[in-house]
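Line order of the protein sequences matches chains A and B.
So the first sequence is residues 1362 to 1693, counted in this note's numbering.
So the second sequence is residues 758 to 1011, counted in this note's numbering.
If you are wondering where the hints come from, they were derived from the structure by calculation, not from laboratory data.
Computed from a prediction, not measured in an experiment: that's the story for all the values here.
Be aware that one or more of the hints could be misleading.
So the derived label-pair ranges between C-beta atoms look like this [claimed, not checked]: (1) M1560(A) with L957(B): 47 to 55 Å; (2) I1586(A) with L994(B): 18 to 26 Å; (3) K1545(A) with L971(B): 29 to 37 Å; (4) A1556(A) with Y892(B): 34 to 42 Å; (5) L994(B) with H1673(A): 45 to 53 Å; (6) K950(B) with G1485(A): 40 to 48 Å.
Sample of chain A residues facing chain B (criterion: CB under 7 Å; computed from the structure) [claimed, not checked]: (7) L1432; (8) A1452; (9) V1454; (10) Q1455; (11) Q1462; (12) N1466; (13) P1559; (14) R1562; (15) R1563; (16) L1625; (17) F1649; (18) H1673; (19) A1680.
For glycine and all other residues, C-beta sits at the position ideal for the given N, C-alpha and C.
So the chains spell out like this:
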Amino acid sequence: MYGGGYIFDEPDRRQRTEEYEHDIPEKLAEFEARIEGGEKIEPDDWMPSEYRRQLIRLIEQHANSEIIGALPEGTWITRAPGFRRKMVLIAKVQDEIGHGQLLYNAAETLGKSREAMINDLLSGKTKYSNVFNYPAETWADVTVIGFLIDAAAIINQVANSRGSYGPYCRALERICYEESFHLKQGHEAFVGLAAGTPMQRRMLQDALNRWWQPIMHFFGPPDTISAHTEKLMQWKVKMASNDDMRDHFLNDYVPKVWELGLTLPDPNLKKNGETGRWEYSDPDWDLFFKVIKGDGPCNKERLAVRSWAEEHGRWVRQALMSSKYRRHAPVA
Amino acid sequence: MKSTNHIKDLITKMADDELILGHRNSEWTGLGPILEEDIAFSSMAQDKIGHALALYEILHEQFDEKDPDHYAFLRNEKEYKCCHLVEFPIGEYDFSLMRHFLFDYAEMIRYETLANSSFEPFRLLSKKVKGELKYHTLHAEEWIKQLGNATDESHARMQQELNHCFPLAAGIFEPAKEFESQLMDEKIYPGEKKLYELWLDKIYSVVTQASLNLPDIGKVQPVFGGREGYHTEYLQLLLDEMSEVYKLDPGANW
């Protein structure tokens, strides 16, 4: 997982104006020509400060989403039914933490430290994918997350991996490779319940019903109300519009859910034969913004867990920084 | 037919230790003091649970016990033979790290000696497991040395947890009352007393390099009971959680 399409931006107009003034028009033209020509931008290259700011925001939020996204599934590791599910789930969630690590490293190349990013996450200054503010109530939720949320995230991440910033693209290549296994495991566990006992099918249908709205929110608001998209697309920071990614997702995965005899809680969900686009009831965007602002069912719980890790791990990090003892490379 | 209860008892206690500690280690996923430690504890959890599975498979295939899922998830608390050390909640990182250090060295020594066991499945398993444990013990050693030597707080925490964990870790080596001499006579393994001595030698050098002091060995009261089915209050809670979904329908395919 887990990059959602919607990237939260703290409005700070004054700062942006100041930064624009420091950018040099000739360099900007050269920079935009490089991107236009398909070149990757590397950490030491000149870049407009707005590009740097937007990328930090994007990668940081993606990294935050990985480590927060590990939590709803992580709570099910200890309850996973049977050896196979247990081992697979540990490995999967571990990968997500690893993705967080990779992405924080990629964002660090732009000049913001991991510590600063974690602090901003905990203070609420920066966000993570909204979808993780909902609870994973049963084992079936784990399979819905592992299948459909991971699938949605892959669409977003594959798009972003064709972006313009080298370190982010390289991190995403590896992430997408691992994600393709996650999707397989999610699908397999999902099908396992769908093809299981009546009780297992009921669990799964219930989980689908509860997760459908967050999934529809996943790619962010419709293009008509999504801000600051044009420049980001020109700079290849954002690679596909929210609506396009949502349509891509519906097209690939709704039939797979229906094939299993399951339903989705939207009577208007159907593919329009003429336009080739999917139609659906408008998800509740007021709720979406309310959850982003911190009033979702699990916002406080998620950050409380991360805060515990930060506070209780502080003595360890201080000890790592101590100059008294320096580690030696192990003779492995 | 010759009784195999002695081997089954040994396998069960080894497997239960691995399963329960693997379960505990997995609880660090998402909570570690640094992301790298989340990842490390998750890796070790996977290895430990994998070792448990391999041992339960031996029970299933060689001794007609129930299949591993059934055996691991559905026994009564009294039927588990794990030691108390592995049962405790993860607590703070200092406790979990010290437990990992003491347990993994004990595990390493056990599997090293099993390379010469007269029981072939142990010899085969030993080969695979030793390779993994090399990294677990390297990880533990590096961290114990770093934290033992770094700040006043980290040193104090490590010493306190060493004192706290040591009698529990000595409980790993609780001899099997009924079976110990038979296991040794048949050269299945060298016996808990021998393993305990080898373990003390190994950890002593790391503890010293970490500027820590072992408690007075002569006065330590090992925490026994787990091998006989007497457990801490934490085990039942862990088992309830572990089997929560599986028990909804043990016959279903999950």
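These are the hints, each one checked on the structure:
1. M1560(A) with L957(B): 47 to 55 Å: For L957(B) against M1560(A), whose Cβ atoms are near 52 Å apart, the range 47 to 55 Å holds.
2. I1586(A) with L994(B): 18 to 26 Å: Hint violated: Cβ distance 48 Å, outside 18 to 26 Å.
3. K1545(A) with L971(B): 29 to 37 Å: violated, 48 Å
4. A1556(A) with Y892(B): 34 to 42 Å: Because 38 Å falls inside the window, the suggested range holds.
5. L994(B) with H1673(A): 45 to 53 Å: Cβ of L994(B) to Cβ of H1673(A): about 21 Å, so the range 45 to 53 Å is violated.
6. K950(B) with G1485(A): 40 to 48 Å: violated, 57 Å
7. L1432: holds, 5 Å
8. A1452: holds, 6 Å
9. V1454: holds, 5 Å
10. Q1455: holds, 4 Å
11. Q1462: Check passed: Cβ of Q1462(A) comes within 5 Å of chain B, closer than 7 Å.
12. N1466: N1466(A) check fails; min Cβ-Cβ to chain B is 10 Å, beyond 7 Å.
13. P1559: Status violated, d = 10 Å.
14. R1562: R1562(A) check fails; min Cβ-Cβ to chain B is 11 Å, beyond 7 Å.
15. R1563: Since the shortest Cβ distance to chain B is 11 Å, the answer is violated.
16. L1625: At about 24 Å, which exceeds the 7 Å cut-off, the nearest Cβ of chain B leaves the hint on L1625(A) violated.
17. F1649: violated, 25 Å
18. H1673: At 6 Å from the nearest chain B Cβ, H1673(A) passes the 7 Å test, so the hint holds.
19. A1680: holds, 4 Å
Checked against the numbered hints above, the structure violates hints 2, 3, 5, 6, 12, 13, 14, 15, 16, 17; every other hint is satisfied.
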